[in-house]
Amino acid sequence: MSALPLRKEGAGRVPRPAPGALTSPPHPAARVLAEHAAAHAARTRRQAPLYVRARAPAWLARIVAPLLGLLLFVGLWAIASRQGGRIPDPGTVWDAAVKIFSDPFYQKGPNDQGIGWNVLSSLKRVGIGFGLAAAVGIPLGFLLGRFRFLADMAAPVIALLRPVSPLAWLPIGLLLFRSANPAAIYVIFICSLWPMIINTAVGVRQVPQDYLNVARVLDLSEWKVFTRILFPAVLPYLITGVRLSIGIAWLVIVAAEMLTGGVGIGFWVWDEWNNLKVENIIIAIITIGIIGLLLEQALVLIARRFTYS
Amino acid sequence: MEKYLLIEKAGMTFETRKGGFVALAGIDLGMKKGEFVTLIGHSGCGKSTLLNLVAGLLRPTAGGIILAGREVAGPGPDRGVVFQNHSLLPWLSCFGNVHLAVERVFGGSEPRAKLGERTRAALALVGLTHAEQKLPHEISGGMKQRVGIARALAIEPKVLLMDEPFGALDALTRATLQDELMRIVAGTGATVLMVTHDVDEAVLLSDRVVMMTNGPAARIGEILEVDLPRPRARLTLASDPRFMALRARVIEFLHEKQAEAAPLRTAA
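Same order as they appear, the protein sequences are chains A and B. Read left to right, the first sequence gives residues 46 to 354 (our numbering). Read left to right, the second sequence gives residues 5 to 272 (our numbering).
It should be emphasised that the hints constitute simulated quantities derived from the structure, not laboratory data. Glycine is no exception: its CB is placed at the ideal position from the N, C-alpha and C atoms. It cannot be assumed that every hint is accurate.
[To be verified] Simulated coverage check for chain B against chain A, where a stretch passes if three residues somewhere in it have a Cβ under 8 Å from a Cβ of chain A:
1. 72-81
2. 89-98
[As the list claims (entries may be wrong)] Partner residues are not named here, just some residues of chain B that face chain A (Cβ under 7 Å, in silico):
3. Val85
4. Ala105
5. His141
Extracted from the complex, chain A is given alone in its bound form (with noise of 0.2 Å):
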């Protein structure tokens, strides 16, 4: 009798019609986001009284740690260099990276060129089919996020495709483009489009009831729901798209351009190895990781900016 009516509170509120629902999802991609600034923040305010009467400052410390561990990392190259003979010890690859980079920019024919025009044109196939994808798929997003219907059907159609390997895709943008530049584009363009449709689709999904029933106490328009309401709701979720697109096209456009030749930097990478210029090609990975830190870090940026609380 007393447990009664405990029972119908839960029960008043799961029913459909319970637009009146009174709590508040929290922003788990929103808090993924910000998750490596707030472990930051957290360690140095733990770690500042600490340190306040030792003698290093923190902001040392926190530099010191990062440099031990690449000094360790070369330090295990330089060791693993010496046993077989085959790979370059970091002497080498210095000395070769900065010849690379003393002129990043020159060009001796189609198959010749400097590492900054192969790092441009990867950068570009990356820029132009990441762009499409995101016209594409953000748009497409929102609509399976808002109607239950399209996102039950798109649902086998994408959990089909979606694990399959971008490179599987490339013959068909070869048949389709019967060019290699804009097949290697049409690969990041698949690529990216999943991660962009689902986060988007899964942000509107989340978007808070509370919010949407200001919306509907309002009665505001369409458009005013959309970009007061549903797009800065969606907005982090959308950026954890974002980020995850760029990391997997960053990551498929080495391979694809391995597979069509031409400029770019996965391009490069082959035809060092064909030339058996060892030192080029770590010079390569090292770069290509570089951009990508890069890539993702200003995206990082660019999330903390629009995750609210």
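Once you have looked at the hints, place chain B on chain A.
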């Protein structure tokens, strides 16, 4: 007596997987213009559901609701709603949150400058002029709820609907906001329907306290006229025998006639 808000034989049945759940049945309630009515009852008795029916967020499955001569057919800006958890949009400043509502209601007929003026006036009414440009996460819970009240009042609604507006606040902040609400209501002559589970709050603020029975199929059990003179002062009322008698009536209804194991807040 001219009824400004009329709830007639309203009933609400939710469709659940286990069949229909009757939340409310046969609710009849009339409110005069400028009247302050609170709905009180145990958790799950359907008081929020009743408020949502008036707000238009839910459609009654039986009966109807008439506000100022027109049937309530859905949500609309002629009713200002203050939500329990403030429901401010986190990406808009306090000004932006209130302005969104003002723009919706007066945007078609008034110039931009006038809209800004209305927004600032509403924030000034709740004493938040200094926090206009702050984002919701930068201000306290009490301040957020004030912005919620400002947003609801800025659109000059026919009736102000408040769903446990102070339920999530600490006792001191709650008392301050109750006093402010009394001042604002006295100044604007607003008609208010408020859900609460705080007995002192109900008696302090209301002209009438509507006590609801436990669900399912909750209905109005008793209606208590609170004829204490206004303005009411919290401190003098605390030792006023009439206040204590009214308070005792509500507690008696909730604890004896509608006894339930769920804990009930009775202390201010």
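Verification of the supplied hints:
no. : hint   : result
1   : 72-81  : holds (count 4)
2   : 89-98  : holds (count 6)
3   : Val85  : holds, 5 Å
4   : Ala105 : holds, 6 Å
5   : His141 : holds, 5 Å
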